[in-house]
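Protein chains in written order, with numbering that gives the first Met the number 0: chain B, 0 to 145; chain X, 0 to 129.
To be clear, the hints were calculated from the coordinates, so they are not data collected in a lab.
What you are looking at is a predicted structure, and each value in this text was computed from that prediction instead of being measured.
Do not rely on the hints blindly, as some may be mistaken.
So the derived label-pair ranges between C-beta atoms look like this [unchecked claim]:
(1) X/Ala129 with B/Asp39: 17 to 27 Å
(2) B/Lys113 with X/Gly70: 15 to 25 Å
(3) B/Ala45 with X/Ala129: 16 to 26 Å
27 Å max Cα-Cα, derived DSSO-like pairs, lysine-lysine [stated by the list, open to error]:
(4) X/Lys76 with B/Lys44
(5) B/Lys9 with B/Lys106
(6) X/Lys76 with B/Lys22
Don't be surprised by glycine CBs; every beta carbon is placed ideally from N, CA and C.
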Amino acid sequence: MAIKTEAIGKEWPATTYEVGKEKIGEYARVVGLDSPVHFDREAAKAAGYRDVVAPPMFCVVYSAPALGPAMFDDEVGMNFAAMVHGGQEFEWGEPACTGDEITTTSKCLEIFEKDGKGFYVFETRSVNQNGDEVVKGTWTNIVRGV
Amino acid sequence: MAELNVGDQIAELRMTPDKYLPHRYAGASGDFNPIHIDPEFAKAVGLPNTILHGLFMMGLVARASTEVAGGDPGALKRLSVQFRGMGAPETEIVVTGTVKSVEGDRAVIDTVAAQGDNQTIRNAEAEVQA
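Please build the complete structure, drawing on both the sequences and the hints.
Given below as structure tokens:
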């Protein structure tokens, strides 16, 4: 069966996320980060940040919601039962700080078949309230037996 | 950033996620996929038990990578990983890395996250700026 590819290039509506200080702290604790820049406003400012700063991988918290509609889109047609998260890349720009309003858009970059597996590649771009890009994500999902 | 040279090993990161860590990561990240938190569901879809979130392990790789810049979160400019083996709770994760290239104030570090012989993340490439 040929894999459906008509969703390549499709974009989905943006989502907006306001970064909160305690949410940054919650994330930081789970991954074992204890630097005061993730918990304390004065420490973050002393280190040159606008406010309490998020760890880089906190980007999943504010960017993943934009990917939801893409993943569940019938035009994409991924078989979730056979899907694994195969690869991930993030490129960071301006740091995400408490109070930032981050808007994320998502797009389907590629769908292709290789060795009997379907590869579904999505891109998210997250921009803060000043128009600065905070992170660009490339998400690769692999579906077995397409 | 301490002087980095090609071939240098970064400081090893070791962490043993406890039984409830996937629940806390689910809450922190918003990813409540039941394969990470519900053993019955995980077994019903053919997994040995609940598995760790891949993005949690990527978070550990990010943490190990920023340590070379004194833990400054702004130092990590890019991180690319491939998820391979599945990670299990209550098993020690070891993140290791080797400096692959250095150009000006940026270094590229090859990293691996493993539980014993099971490499859960490999071909990870972190770009760190001083």
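We went through each hint and held it up to the structure:
{"no.": "1", "hint": "X/Ala129 with B/Asp39: 17 to 27 Å", "verdict": "24 Å, holds"}
{"no.": "2", "hint": "B/Lys113 with X/Gly70: 15 to 25 Å", "verdict": "39 Å, violated"}
{"no.": "3", "hint": "B/Ala45 with X/Ala129: 16 to 26 Å", "verdict": "19 Å, holds"}
{"no.": "4", "hint": "X/Lys76 with B/Lys44", "verdict": "20 Å, holds"}
{"no.": "5", "hint": "B/Lys9 with B/Lys106", "verdict": "6 Å, holds"}
{"no.": "6", "hint": "X/Lys76 with B/Lys22", "verdict": "22 Å, holds"}
In this structure, only the earlier hint numbered 2 is contradicted, and the remaining ones agree with it.
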